[in-house]
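One letter stands for each residue in the lines below.
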Amino acid sequence: NAGVTQTPKFQVLKTGQSMTLQCAQDMNHNSMYWYRQDPGMGLRLIYYSASEGTTDKGEVPNGYNVSRLNKREFSLRLESAAPSQTSVYFCASSEPGAMDEKLFFGSGTQLSVL
Amino acid sequence: GQSLEQPSEVTAVEGAIVQINCTYQTSGFYGLSWYQQHDGGAPTFLSYNALDGLEETGRFSSFLSRSDSYGYLLLQELQMKDSASYFCAVRNSGNTPLVFGKGTRLSVIA
Chain A
1 NAGVTQTPKF QVLKTGQSMT LQCAQDMNHN SMYWYRQDPG MGLRLIYYSA
51 SEGTTDKGEV PNGYNVSRLN KREFSLRLES AAPSQTSVYF CASSEPGAMD
101 EKLFFGSGTQ LSVL
Chain B
1001 GQSLEQPSEV TAVEGAIVQI NCTYQTSGFY GLSWYQQHDG GAPTFLSYNA
1051 LDGLEETGRF SSFLSRSDSY GYLLLQELQM KDSASYFCAV RNSGNTPLVF
1101 GKGTRLSVIA
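From first to last, the protein sequence lines are chains A and B. Anchor point for the first sequence: position 57 equals 57 in this note's numbering, and the numbering is continuous, going up by one each time. Whatever position you read off the second sequence (first residue = 1), add 1000 for this note's numbering.
Extracted from the complex, chain B is given alone in its bound form:
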C-alpha cells in the first residue's frame, strides 16, 4: 500500500516564501504530483516530479528526493489568492491511479 504524510495546516505572510513537505511510503514509485484546491473548488494540477531535483513553474517550485522518499512544494512571493489546500499525490506504477495525501491547508495572512 501507500501512505503520504503532509502537514495539516500552514500559515504564512503575504510576500513570504512557504514550503509544504510531503513524505511517502510506497511499494513502487512512479512520480510525485501536487494539486491545489480552493475552498468550494476542484483540485487543479500544479506540478509533477519523476526525477530528483527541482522543477520550477513561475512562483511555484516542486522538489523530489527519491532516496529520501520526500518532496516539497515551494511557493514564493505569496499572494492572498494562494490560500488553498495543497495535496501531494503518488503513483506506484504507470498503470495504477494516483493516491492523494490528506492535504495541507495554507492560509496567507497580511
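Just chain A, same shape as in the assembly:
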C-alpha cells in the first residue's frame, strides 16, 4: 500500500505564480486534510474535507483553494503565491468514526516562494 502520496516533493515559485499540490490516498478514507508546517509553529490546518463533496476552511485558509476531486484525491491550489506561503505542506487522511481516528500523512511538499 502506498498510503498517502503527495506531489511534487519540492517546488520553487516566483511571487505571483500559481501551482497545485496533488494528494491521493489509497486507504479508502473519507476525510482528507491539508496542513502547513513552519518552524516553531507546529502543524496548522489549511483546509479539510470531511467526506467526498465537502470542504471546509481550517485555521489558515487565506491564499489557498482546494478541490476534493473524488474520494481518493484532494488538491491544494495557490492562485498567486506569496513569500509568506513558503512552508512544508502535508496532506493527510483518516477514517472518521474510528476510536483513535489517526491521521496518515504524506511525505510532504517543500515549497519556496521567492
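Hints are computed from structural coordinates only; laboratory data are not their basis. Note that CB positions come from ideal geometry on N, CA and C, so glycine has one too. There could be a bad hint or two in this list.
As the list claims (entries may be wrong) - Cross-link-like lysine-lysine pairs, in silico, BS3-like; alpha carbons within 25 Å at most:
no., chain 1, residue 1, chain 2, residue 2
1, B, K1081, A, K102
2, A, K57, B, K1102
3, A, K102, B, K1102
4, A, K9, A, K57
5, A, K9, B, K1102
6, A, K71, A, K102
7, A, K71, A, K9
8, A, K102, A, K57
What the hints assert, rightly or not - Computed footprint of chain A on chain B; a stretch qualifies when at least three of its residues, placed anywhere within it, have a C-beta under 8 Å from a C-beta of chain A:
no., stretch
9, 1035 to 1049
10, 1099 to 1107
As the list claims (entries may be wrong) - Simulated DEER-style distance windows between Cβ atoms:
no., chain 1, residue 1, chain 2, residue 2, range
11, A, Q22, B, H1038, 18 to 26 Å
12, B, S1107, A, P8, 28 to 36 Å
13, B, A1050, A, Q22, 29 to 37 Å
14, B, D1052, A, T15, 43 to 51 Å
15, A, L114, B, L1051, 42 to 50 Å
16, B, S1065, A, L114, 46 to 54 Å
17, A, S84, B, S1107, 28 to 36 Å
Dock chain B against the given chain A, drawing on the hints supplied.
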C-alpha cells in the same frame, strides 16, 4: 477555540526516561493524540487517549487526565533514534479535525 501548550525542547540521556507534557484548553474534548516526526519526515501516529489513565505501547506510554486538561507522553529506555519532534493534538468533537500543539523537540544524547 483550542490551545495546546507543550515544552519547545527537551534533552535526555540515552537509556533514561523522559516525559513530555501537554496541557490543553478546548471548548469540547474528544481525545488526546501524540505524533512523532523525525527531521525531514512526516508525522506518524503514536498513541491516543480518550479516557483518563495510562496507555502503553512498548517503550512509549501516554497518560490523560481530563479533569486537569493535561496529558503526557512517556518514553522509556531512550534510544538515539527517539530524537525527533513530538506533537500533542486534540479534537473538539468527533466531527472536527485535529488541532496540533507546536511540538517538543527531543534530543537524546549519549
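Status of the hints after comparison with the structure:
Only pairs whose Cα atoms come within 25 Å are accepted, and K1081(B) paired with K102(A) is accepted, the gap being roughly 22 Å. For a cut-off of 25 Å, the pair hint linking K57(A) to K1102(B) stands: about 20 Å separates their Cα positions. For the suggested pair K102(A) and K1102(B), the alpha carbons sit about 18 Å apart, so the restraint of at most 25 Å is met. Of the supplied pair hints, the one linking K9(A) and K57(A) holds, its CA atoms being roughly 24 Å apart against a limit of 25 Å.
With a C-alpha separation of about 23 Å, the suggested pairing of K9(A) with K1102(B) holds against the 25 Å cut-off. Restraint check for K71(A) and K102(A): satisfied, since their Cα atoms lie roughly 18 Å apart, inside the 25 Å limit. Pair hint K71(A) plus K9(A) holds up; C-alpha atoms about 22 Å apart against a cutoff of 25 Å. In summary, the hint linking K102(A) to K57(A) is supported, as the alpha carbons are separated by about 20 Å, within the 25 Å threshold.
With 7 residues having a beta carbon nearer than 8 Å to a beta carbon of chain A, the stretch 1035 to 1049 of chain B meets the requirement of three or more and the stated coverage holds. Interface restraint, the stretch 1099 to 1107 of chain B with chain A: holds (5 residues with C-beta to C-beta distance below 8 Å; minimum three). Distance hint check for Q22(A) and H1038(B): the Cβ-Cβ separation is about 24 Å, which falls inside the suggested range of 18 to 26 Å. At roughly 31 Å, the beta-carbon separation of S1107(B) and P8(A) lies within the given 28 to 36 Å, and the hint holds.
The supplied range of 29 to 37 Å is met by A1050(B) and Q22(A), whose beta-carbon atoms lie about 33 Å from each other. As the Cβ distance of D1052(B) to T15(A) is approximately 50 Å, the hint placing it in 43 to 51 Å holds. For the hinted restraint 42 to 50 Å between L114(A) and L1051(B), the CB-CB distance of approximately 49 Å keeps it satisfied. The hint said 46 to 54 Å for the Cβ distance between S1065(B) and L114(A), and at roughly 47 Å that hint holds.
Range check, S84(A) to S1107(B): Cβ separation about 30 Å, and the 28 to 36 Å hint holds.
Going through the hint list in order, the structure satisfies each hint without exception.
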